[in-house]
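Asks: Residue numbers (the working numbering), protein chains in the order written: chain Y, 1 to 77; chain F, 1 to 134.
Everything hinted at is true.
30 Å max Cα-Cα, derived DSSO-like pairs, lysine-lysine: (1) F:K117 <-> F:K100; (2) Y:K63 <-> F:K117; (3) F:K61 <-> F:K116; (4) F:K77 <-> Y:K63; (5) F:K100 <-> F:K61; (6) F:K100 <-> F:K77.
No lab work stands behind these hints: they were computed from the structure.
All figures in this text were calculated on a predicted structure; none of them were measured in a lab.
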Amino acid sequence: MTQELQWLAACGRPWAEQRAQTALSLSDARSRGDISDSEYQELLYDLVRTDRLESEADDLQTKTMLVNAISVLSHLA
Amino acid sequence: MIKSLLLAGIVAISVSGCAAVNTVKGWVPSFWDDNQSARIIDVRQSIAQLDCQQEHLLQIKRIQDNLQWFELYSESKGWRQNDVRRIVSPMQETVADFYKRSQSQQGSVTYCEIKKKILTTQSEYAAQAILGRF
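Please construct the entire structure, taking both the sequences and the accompanying hints into account.
Replies: Structure (structure tokens):
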């Protein structure tokens, strides 16, 4: 799993690299004893939550662009 | 032309019933709102000012209160705000876990710093979408 994360951390896709680097730094922090197991679990959940949030935010931005485009077109008509 | 399209839309919705109304509701985004825009920046500011060396609980309470205000205001405003409520919901979960942990025993400084980083990212995405509305 760590090897996969290391590969993803340098795969050339910024969104995947960022997430993989965060997951790796979490894993390192747990290995060093800087965070507990339960803190580690919770922070991993937070990464999933961030993905959910980003997806919803993208959706709203796309719809806003669509409304904007339709509004411009209706003014031109 | 636009009138004809609107009429066609109304007829299509009338024929296909409530299911179509719900589908259309899902397509319609919420629009610009001064109060939501100001509050999401309050959320960002309370996260930016989080000092992990100090006691966490009261600082997290401030973030949680700002998010609760946003949620209650948006819920009161009606169904069209469901999109922004869905955006804020994962951040509420992230903060709720942080608050719960801080209530029983303060988390480590590293935990707090990573949590702050995650919340910063989440609030940046949320603010960009909320302030970018038409």
